[in-house]
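Visitor: Spelled out from the first residue to the last, the chains are:
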Amino acid sequence: MSWDLSTQNPNDHALRLANALLRANGGTTALLQMSPATGDATDAGQLGLNTPNFQSLPLSPAVFRRIRATMKEGQPVKYELLVSAVAVQTAVSELQLSSADALFSTTASVVVGGKSFLIESVSVSESMGSVYMYRLLLRESASEWQMQQASQ
Amino acid sequence: MENAKDTFYITLRNRLSTVNPNRTMILRAVTRPGILVEEAEAPVAELPLDVFVLRWTKLDADTQLPSTLTQMTCEIQYATAGTQNNAGLDRGRALEAMDDELLRLLCPSSAQKMNYAQTPASQMGTLIFWSQAVFEPATTVRERMGRVVTVSVFAFQEQGER
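Which chain is which? The protein sequence lines are U and S, in order.
Just so we're aligned: the first sequence equals residues 5 to 156 in the working numbering.
Just so we're aligned: the second sequence equals residues 2 to 163 in the working numbering.
Note that these hints are calculated values from the structure, not bench results.
Do not rely on the hints blindly, as some may be mistaken.
A partial selection of chain S residues facing chain U, derived with a Cβ cut-off under 8 Å [said to hold, decoys possible]:
| id | residue |
| --- | --- |
| 1 | Val38 |
| 2 | Glu39 |
| 3 | Ala41 |
| 4 | Pro44 |
| 5 | Ala82 |
| 6 | Gly83 |
| 7 | Cys108 |
Glycine included, each C-beta is placed from N, C-alpha and C at the ideal position.
So here's chain U without its partners, still in its complex pose:
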């Protein structure tokens, strides 16, 4: 086994290309529902008595699409959300988190077009070792709450 010692000159062309493609192919805004920076440490907060006061964190550009045309009875429909890495990096530094994983693991749900979705898994697309796009596999939430929509 050997190391790859070839010269690579990473630049942000993949990042900019992903941004442009995501904008051109729908370019929507997704809202991550995040718990506030100062959490509720009370007993009532752990028992579902207090409102969680989730805050909306907008991510754009993003593309939202259904990944399966056929539906099985009792199975929620699955969707995917493609998000620009620039938006994710901005959110990570805004919230002073250690990584994008930390961002998504602390997300309660994702709101797109006023509907709520749950994150099933997260994967990334990379170019020369740097992430240019995140792919979130989403499951339709059973609740039919009308959520706040992102202002474009």
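Chain S: place on chain U using the hints.
Guide: Same frame as chain U, but now just chain S:
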């Protein structure tokens, strides 16, 4: 019934902070003992590792007594993938450690019923008590080893209590 469920969780949580103060988790920006009530948290695709998750399932009520006796079934689920230091090869030991902790959390098998809907929480007139834990066989899903433990929690409905 909510008071009994709340009391059971808070009792186990407080005992866990004594039995193993190192079993903590960060949930909704709060560091707290590694135990949670599934129905009081945001739904997740996969339950967290190394944490006790309480899931309330069956409910029975005996209305033939002077005061209604409710029996609620609590499934306590937990799973582990071992530790990073041991590359997960200690997952059997980690699961056994959680089994042991749970046995200690459940003993003694009663607690004073409290009303946590009020601030500060107020003591109620009866106790809640629970059965011996029934340990299901351990299950393995890829690198996760987990177990479900079932406990029946009993509580008398007090006057004016929902």
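Visitor: Look at each hint and say if it fits the structure.
Guide: Tested hints:
no.: 1; hint: Val38; verdict: holds (7 Å)
no.: 2; hint: Glu39; verdict: violated (10 Å)
no.: 3; hint: Ala41; verdict: holds (3 Å)
no.: 4; hint: Pro44; verdict: holds (6 Å)
no.: 5; hint: Ala82; verdict: violated (15 Å)
no.: 6; hint: Gly83; verdict: violated (20 Å)
no.: 7; hint: Cys108; verdict: violated (22 Å)
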